[in-house]
Structures are given as C-alpha cells and as structure tokens.
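Single-letter residue listing:
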Amino acid sequence: MTKAMIWNMFTPTNIHIPTNNMAGILSFDFVIHAIEAAFLASITCGFIGAYIVARRMVFISGGITHASFGGIGLGYFLGINPIFGAAIFSILSAFGIRLVSKQTDIREDSAIGILWSFGMAVGIIFIYLTPGYAPNLMSYLFGSILTVTLADLTMMGILAAVTIAVFLFFYRTILFISFDEEYARSHNAPVETFNYLMLTLVALVIVINIRVAGIILVISYLTIPQSTANLFVNDLKKIIFLSVIISFSGSCIGLLISYYWNIPSGATIIFVFVLIFILARAIVYLHNRKQRNGSVADI
Amino acid sequence: MSELIKLENVTAGYNNGIVLRNVSLTVSDRDFIGVIGPNGGGKTTLIKLVLGLVKPISGTIQRFDNQEGNFIGYLPQQSHIDRKFPITVRDIVLSGLMSAGSPMNRYSSHDKKQALELLGQMGIHHLANRTAGELSGGQLQRVFICRALISTPKLLILDEPNTFVDNRFEHEMYELLQEFNKQMAILIISHDVGTISYFVKTIACVNTYLHYHPSNIITEEQLAGYNCPLQIITHGDVPHTVLQKHDQSHDLEHVHTHQHSHTHE
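So the sequence lines, in the order shown, correspond to chains D and V.
Residues in the first sequence are numbered from 17 upward in steps of one, following the working numbering.
Residues in the second sequence are numbered from -4 upward in steps of one, following the working numbering.
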C-alpha cells in the first residue's frame, strides 16, 4: 500500500476540520509511529547534523547519501533487506572518499562527485536487472514516514541511543578534534580513530533516516534545523539541543499539514523546516536592526 | 640545565622531496630559540618533528619527557582555523589539556578555574563565553596562547605568532614571552629577524640545513655564511620596534627592505 493510498483512505472530505479532531489523528497507529519516527530522526540527525554542519561536511554527507542508493539496488537484486546494502555502501563510500582524498592526488570534492554518481548508477542498474517491479523504490527516494514499521523504529531507537552515548562520553574529544585537528594530533589525541568513528556514525544515521526522509530529502534533516539553531546559539552542544527541538517540532507541524491538505509528508516537513529558517532569520535581522537603531539613538 | 628535546642528524621530508638534511638541535630548559630562514626552508617541518607530527626519515629525536600531561605547548599558525566553528573561548583553552589517554575525560572545576585565570592574565577574562568568530585576530591569538599554556608545558613552541596580530599586541606578546621564559623553554618561528633577535637568546637558521648561532646578535654576513638568505632590518641590541616609532624615514626603508626580502624568499 502506498503512502498516497493511506492518506486518501483517512483524509476527511471536509478540509476544515475542527481542532477537537486532533485526538482523532492520534488514534491511528501509523500516525503514532510517524511521530515516534520523527522524534528518533530528530535526535540522530540533530546530533550528527550539528557535527556535519560544524565541520563543513555537508557535501560529503550528500555524497554518502546518494552513494548508498547503490546498496539499495544491490539489496533488491540479492533479495536482502535494502537497508543493509545501503549501510554497507554508505560506510564504504564514506571511508573511500576519505582514503582516496588523503592518499592520492584526487581532491576530496572530486572524489565525492565520482562516488555520488557511481552509487546512483549502480543502484539503477541493479534495480533494472532485478526481475519484477520494485514497489518501494519511491519510498527510498522520497522517504515514507507514514509506513515505518516497528522494526524500523527499533533500529532508529538503537542508533539514537548509540549516538547519544557517543556524544555523552566523548563530547570534548569530538569538539576539540573537529575544531583543530592538527593541534589535537600534536597532543597525540586519537584523531584518526575518532574521525572514522564519527564517519561511521554519519553513514549509519543517513541510512537509517533514508527510511523517514528519503535519499533526496535526508540532507535537510541534517542541515536546516542546525543552520536555524546556529542563528541563535553558537556553541556546539547548544546547537545540538536546539536543532533536536526545531527538527521535532518542524516534523510534527509538517505531518499535520500534510495530513490536512493531503500532500506528501516528507516534502511538507522540509517546506516547514525552510519556513522556520526564514522566519528565524527574519527575527534575527529585525532584532539586530532594532539594536543598531537603538544604539544610534543613544548617541 | 636539563635537556628537553634532542634532535640528532635528522633528515625529514615529504613525498616530493627532502626538506631537512642532517639537522641537529638540542633544546634545554629556559632556552629561547628563534628559528629563522626563508619560506620553504623547513622551519615548520622542524617544529612538526619536535611535536611528533612528522616522523624523521633518518636520525633520532629524543624527548626527555618525565612530566605528567602535556610537555609541549604549541601555538600553530592561525590560518588553518575555521573562524566560524561553534566553540566557546573557554573550551578552546581547555582543549590544551587533551591528551592521548583521556578521550572520555571531563574537565574538573579546577581546570575550568585555571582556564579563566589564564584568560584573566591575558586581559580577556570577559570573552570566556564568546565564540571564536566574535574575536579579533589579536584576541584569538591570546586565546591560543592560553591554550598552549594551560598544561604548564616545559617547552612552548610558536609558529609565526605575529602573522595576524596588530603591532601593539605584538610588542606586548614578546614581553609576555620573556616573562614565560622564566619558567619554560621557548622555540619561536619568525620571518621578522630584526624583531625576534632582540628578544631571543639564541638563533637557529634553517634552510634545508640547520645552523645554530649561540647568541642573539647576528649579522647579514654571518647569515650568508650559514646559507640563510635573509635581510636583517636592525642589528643586535637596537630594538627594532622603538626605531619604527621614532624614525619615519627608516620606517619607509623598513617597508621597502621588507618587501624586498619577501620577494627574495
């Protein structure tokens, strides 16, 4: 059953539903699951996205995301869970980009471009070679938060717990290595170990959240709430905390809008993220202008 | 005076060739060594060898490191820092305490107090909760000096500390360094030969080979003999910065010779 069919089944004929129907939405299991998935995605993406944005790794994350499509295709072809294929492809491509750019004279952004398109190509070839129709393909491209299963939620929950634990135990080391890698090296800090640990975590978070946001949209969960948070706070742990909140509230608002207007949930959530970002930017701009004018008036 | 670091017949380089040949240098307690030489001559590689960031191709490096925690404090060039990185000044200073065995360590209230005290000594106590991007070049340089000092190192290494600093703080910084030198050895890289020769005790000229000059008075003839093609703006005991303030014509000449020496490098 596709997402659109589920939505159509439950979309009321009258769009202007009184607010006391709120409890009505929550009586559907798939809505509860969607909210739980949004919560767990907000945690994993809030933490890892803050790391990605702080280290300027957005492009490499885009590369990892798209390269993982090759794994999804391979999964279909071999008849295994596509998410496992995607996990293997994303981790290998993450390490591959790093190794190739460090040890050969290929520059990092070029390596990303190569693996990005190669992964997509491999995915398309394998899906073409797979006998029969691949029914969930669209959900991997655009995500389908409304059809997450209990198994998906369990995997997301475990990854969220691991992510929180890594940051809880190693926050300082992660922060210091990210800020000044060479300095950390001069203190014999385990720079490479942590770079690979974090790269693995980035790859896994991307793959798990492809289920929710899709290959094309997952980067939004990793960058928009963090950039919004960064408008107000300027300390990594505050950015993490605030982006989890922004991400979860944006997801809930997006879900609600997509429910009432019967539009695709993933795209709606991202639309809401961007609206929040623009609103926040406007607030910051007006606040700064007011302060400037105030100080001019004082003189 | 006890020895801290001893390099013997060290040769080092990267994939594209040898940068340093047969270099020997001993750094002892309370030394204040100025490392000078042309760009590409191997100054930074020398420092990376001392820090353990680059491994020698041949020769030995001994560290007489019997101290808990970090034995070397390091002030890198600022150019590689991402000024927009979301980190507070207090955390930057505390990062000077990180070491190999403590990825899980949290910092004690004592460490945090020490960080604030160091910032206070540098006159930037009020910036502790600001982030790197909100500071000027000179303020950030002070923060990095605090980071280098928080582990109370035996040896302080500075790589071109005057690059991003205004003239006023530059002078202040050299005075601070002389104060620190009472407690630790200092190794400083600089392209400004005239200024550092006034503050350092000895000079190491690095241009593939290293020539150690056991005093702070060095002439252009001596530099030429060391195969170290640099021009000196002022000599020996004449403080360069004072001259700049008093003598306008010299100032112009200084700018001129400086540019000249850059093209020469």
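Calculated from the structure, these hints are not laboratory results.
Treat the hints with caution; some may be incorrect.
[Claimed, not checked] Under the rule of at most 35 Å between Cα atoms (straight-line distance), these lysine-lysine pairs were calculated in the DSBU-like manner:
id	chain 1	residue 1	chain 2	residue 2
1	D	253	V	79
2	V	1	V	79
3	D	253	V	108
4	D	254	V	1
5	V	196	D	306
6	V	196	D	253
7	D	118	V	196
8	D	118	V	79
9	D	254	V	196
10	D	118	D	306
11	D	254	V	50
12	D	118	V	108
Status of the hints after comparison with the structure:
1. Pair hint residue 253 (chain D) plus residue 79 (chain V) holds up; C-alpha atoms about 15 Å apart against a cutoff of 35 Å.
2. Taking the CA atoms of residue 1 (chain V) and residue 79 (chain V), the gap is near 38 Å; set against the 35 Å cutoff, the hint is violated.
3. Taking the CA atoms of residue 253 (chain D) and residue 108 (chain V), the gap is about 21 Å. The hint holds against a cut of 35 Å.
4. In summary, the hint linking residue 254 (chain D) to residue 1 (chain V) is not supported, as the alpha carbons are separated by about 45 Å, beyond the 35 Å threshold.
5. A hinted pair counts as satisfied when its Cα atoms are at most 35 Å apart, and residue 196 (chain V) with residue 306 (chain D) does not qualify at roughly 54 Å.
6. Only pairs whose Cα atoms come within 35 Å are accepted, and residue 196 (chain V) paired with residue 253 (chain D) is rejected, the gap being roughly 44 Å.
7. About 40 Å separates the Cα atoms of residue 118 (chain D) and residue 196 (chain V), which puts this hinted pair outside 35 Å; it is violated.
8. Of the supplied pair hints, the one linking residue 118 (chain D) and residue 79 (chain V) holds, its CA atoms being roughly 24 Å apart against a limit of 35 Å.
9. For the proposed pair residue 254 (chain D) and residue 196 (chain V), the alpha carbon gap of about 46 Å is over 35 Å, so the pair is violated.
10. Distance restraint check for residue 118 (chain D) and residue 306 (chain D): the Cα-Cα separation of roughly 47 Å exceeds the 35 Å cut-off, and the hinted pair is therefore not satisfied.
11. With a C-alpha separation of about 39 Å, the suggested pair residue 254 (chain D) and residue 50 (chain V) falls outside the 35 Å cut-off, and the hint is violated.
12. Under the criterion of a C-alpha separation no larger than 35 Å, the hint pairing residue 118 (chain D) with residue 108 (chain V) is inconsistent with the structure, at around 39 Å.
Hint compliance for this structure: hints 2, 4, 5, 6, 7, 9, 10, 11 and 12 are not met, and every other hint is.
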